[in-house]
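Read top to bottom, the protein sequences are chains A and B.
Mapping of the first sequence onto the numbering used here: position 71 corresponds to residue 1116, and the numbering continues sequentially without gaps.
Mapping of the second sequence onto the numbering used here: position 140 corresponds to residue 219, and the numbering continues sequentially without gaps.
Worth flagging that the hints you see were computed from the coordinates, not collected in a lab.
Only a predicted model underlies this, so the values are computations on that prediction, with no experimental measurement involved.
Check the hints yourself; a few may be wrong.
Simulated crosslink set (DMTMM-like; lysine to aspartate or glutamate; CA at most 25 Å straight-line) [as the list claims (entries may be wrong)]:
| id | chain 1 | residue 1 | chain 2 | residue 2 |
| --- | --- | --- | --- | --- |
| 1 | A | LYS1127 | B | ASP246 |
| 2 | B | LYS229 | A | ASP1061 |
| 3 | A | LYS1129 | A | GLU1063 |
| 4 | A | LYS1127 | B | ASP200 |
| 5 | A | LYS1129 | B | ASP246 |
| 6 | A | LYS1104 | B | ASP179 |
| 7 | B | LYS229 | B | ASP154 |
| 8 | B | LYS184 | B | GLU261 |
| 9 | B | LYS184 | A | ASP1061 |
| 10 | A | LYS1105 | B | ASP246 |
| 11 | A | LYS1105 | B | ASP256 |
| 12 | A | LYS1105 | B | ASP179 |
Residues from chain A that face chain B, not an exhaustive set, calculated with beta carbons under 8 Å [to be verified]:
| id | residue |
| --- | --- |
| 13 | VAL1055 |
| 14 | THR1107 |
| 15 | GLN1132 |
Backbone N, C-alpha and C fix where the C-beta goes; we use that ideal spot for every residue, glycine too.
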Amino acid sequence: MGGLPTNRTVNGLAVDPENSNVMLVPMRDGLFQSMDSGQSWKRVGNELKNLAAVIINPKKPTAMYLSTLDGTIYVSIDAGMKWKKQQ
Amino acid sequence: MKNKLKPISIFVGLVWLVNAGIIFAEPVRDLLMAANQNTSNKSPVTFEHVHSLALDSAGQTLFLGAHTGLFRSDDRGRSWNKVSLSTKHAHLDVMDVTTDPREPKTIYIATHEAGVFKSTDGGRTWKEASSGLGGPDVHGLAIDPNMPFKLHAAVREKGDGIYRTTDNGGKWIRVDDGPQGEVKVLRSVNISTGMGGIFLYAGTSTGLQRSPDCF
Chain A
1046 MGGLPTNRTV NGLAVDPENS NVMLVPMRDG LFQSMDSGQS WKRVGNELKN
1096 LAAVIINPKK PTAMYLSTLD GTIYVSIDAG MKWKKQQ
Chain B
80 MKNKLKPISI FVGLVWLVNA GIIFAEPVRD LLMAANQNTS NKSPVTFEHV
130 HSLALDSAGQ TLFLGAHTGL FRSDDRGRSW NKVSLSTKHA HLDVMDVTTD
180 PREPKTIYIA THEAGVFKST DGGRTWKEAS SGLGGPDVHG LAIDPNMPFK
230 LHAAVREKGD GIYRTTDNGG KWIRVDDGPQ GEVKVLRSVN ISTGMGGIFL
280 YAGTSTGLQR SPDCF
């Protein structure tokens, strides 16, 4: 259970429009995903850190965008498992 | 009696935090340095500090809220253009952006200095939508996914608390003291509370908290 760093700032929250139990949270410590509406979390997105915001495409929920605090954009097409810097 | 937003008590993640710091410290630093250099070389756009990302409900246009304003991208985040918001305010720090789940051209933003703004033409023109808010510093904005005419806003400092509108931002009413800590993001999540209403989630400086929105 658990999985989010405690007493740390949660900068954003994205919810899967087709399954509200699926959530993503960007933090300075990385990107965290929950499949049970926030009861438990696991870290995804490999080494990404200093994250500000994330959004899930409402028309295609496996497609997502992520921004670091300084505005570098990353894209995922596999529901957040792998992220590629937008060129 | 007002309900306080309650922390989700099961968020215990110290092991994740320690592991992340030790294992990934060096690669992350290199990655971020490279990203900073690439960003500054590619585009004159300066965000300074990003607060929020949003997509229109058609999944086509990205909006980014930052310390230096609101930006839009029509090429999946490759390039950004600053959006003109208000002639009355030279600088607007855009704290949160939310889009109507049914109307692709309807966008709301929360600002640090001037409350809430709304666009119904895809971001071309904006109108203030702050009537009833107790203060100008709005840090979170959540639209109800089932009833998009209903939104909640988190106000800090003057008039702090959670405000609700049920007429698309026409009039706001204070409904709750709000969560502990500084709100960074506010989202209405389509999970039934069992008491009527759905849950309102708040990302804050002290973690993720949620409360039924039927307060």
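Tested hints:
1. LYS1127/A with ASP246/B: 40 Å, violated
2. LYS229/B with ASP1061/A: 20 Å, holds
3. LYS1129/A with GLU1063/A: At roughly 23 Å apart (the allowed maximum being 25 Å), GLU1063/A and LYS1129/A satisfy the hint.
4. LYS1127/A with ASP200/B: Violated, at roughly 34 Å.
5. LYS1129/A with ASP246/B: Not satisfied, since the Cα-Cα distance of roughly 40 Å exceeds 25 Å.
6. LYS1104/A with ASP179/B: 13 Å, holds
7. LYS229/B with ASP154/B: 30 Å, violated
8. LYS184/B with GLU261/B: With Cα atoms ~30 Å apart, LYS184/B and GLU261/B exceed 25 Å; violated.
9. LYS184/B with ASP1061/A: 21 Å, holds
10. LYS1105/A with ASP246/B: Violated, at about 29 Å.
11. LYS1105/A with ASP256/B: Status violated; Cα separation ~36 Å.
12. LYS1105/A with ASP179/B: 16 Å, holds
13. VAL1055: Where the cut-off is 8 Å and the nearest Cβ of chain B is about 3 Å from VAL1055/A, the hint holds.
14. THR1107: 12 Å, violated
15. GLN1132: 7 Å, holds
Comparing the model with each earlier hint shows violations of hints 1, 4, 5, 7, 8, 10, 11 and 14; every other hint is respected.
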